[in-house]
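Participant: What follows is the residue order along each chain.
2 protein chains.
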Amino acid sequence: LVDMEEKQIHGVERQHKAEVILQELRLLKEKVDHLEDQKSQYERRLKATKAELSDLQQLLLSKNAEIDSLHTQLLARPLSTETS
Amino acid sequence: LVDMEEKQIHGVERQHKAEVILQELRLLKEKVDHLEDQKSQYERRLKATKAELSDLQQLLLSKNAEIDSLHTQLLARPLSTETS
Numbered sequence: 350l351v352d353m354e355e356k357q358i359h360g361v362e363r364q365h366k367a368e369v370i371l372q373e374l375r376l377l378k379e380k381v382d383h384l385e386d387q388k389s390q391y392e393r394r395l396k397a398t399k400a401e402l403s404d405l406q407q408l409l410l411s412k413n414a415e416i417d418s419l420h421t422q423l424l425a426r427p428l429s430t431e432t433s
Numbered sequence: 350l351v352d353m354e355e356k357q358i359h360g361v362e363r364q365h366k367a368e369v370i371l372q373e374l375r376l377l378k379e380k381v382d383h384l385e386d387q388k389s390q391y392e393r394r395l396k397a398t399k400a401e402l403s404d405l406q407q408l409l410l411s412k413n414a415e416i417d418s419l420h421t422q423l424l425a426r427p428l429s430t431e432t433s
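Sequence order for the protein chains is S and W.
All residue numbers for the first sequence refer to the working numbering, where the first residue is 350 and numbers rise by one.
All residue numbers for the second sequence refer to the working numbering, where the first residue is 350 and numbers rise by one.
These aren't lab readings, by the way, just hints derived from the structure by calculation.
Check the hints yourself; a few may be wrong.
One copy or two, either will do: identical chains are not told apart, so a pair holds if it fits within one copy or between any two.
Unchecked claim - Only pairs whose alpha carbons sit at most 25 Å apart, straight line, appear in this in silico BS3-like list of lysine-lysine:
(1) 399 <-> 380
(2) 366 <-> 412
(3) 399 <-> 412
(4) 378 <-> 366
Predicted model only: the values in this text are computed from it and were never measured.
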């Protein structure tokens with residue numbers, strides 16, 4: 350009888366360990382899913398921010414060209430003087 | 350004897366299943382580590398790109414101010430004419 354009880358206890362412990370490990374597996378799988386979600390969100394945000402950066406760099410180039418053109422126009426016009 | 354052999358086979362199978370599950374646990378933990386690495390890399394890259402974007406926006410504001418100033422200067426100077 351004692352031997353049978355021991356076997357039962359042993360079986361219950363093993364069952365418990367198996368459940369703990371399976372629970373750990375489930376949690377890890379959920380964590381992987383969550384991290385992969387976050388990763389793809391970051392990918393999207395980084396891509397969008399880089400596109401915005403690229404647009405702004407283009408805009409900056411056109412502003413620089415406009416400034417050059419305005420400087421050229423200014424140089425072509427004489428300063429108005431008191432004596433004119 | 351047959352009963353003992355069956356128990357042995359059963360034990361070997363259970364051992365094999367446990368190894369498969371522990372291997373799966375190891376792989377999932379490695380995957381979590383790898384994903385967390387990637388996530389923090391994305392965080393850093395996104396932060397750096399946003400800082401760059403913010404700098405460019407400041408620069409753009411100063412270019413717009415420069416363009417406004419140049420327009421004002423141009424308006425203050427008369428067009429040079431052929432007859433002057």
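Participant: Quick check: which numbered hints come out false for this structure?
Facilitator: Hints 1, 2 not satisfied by this model.
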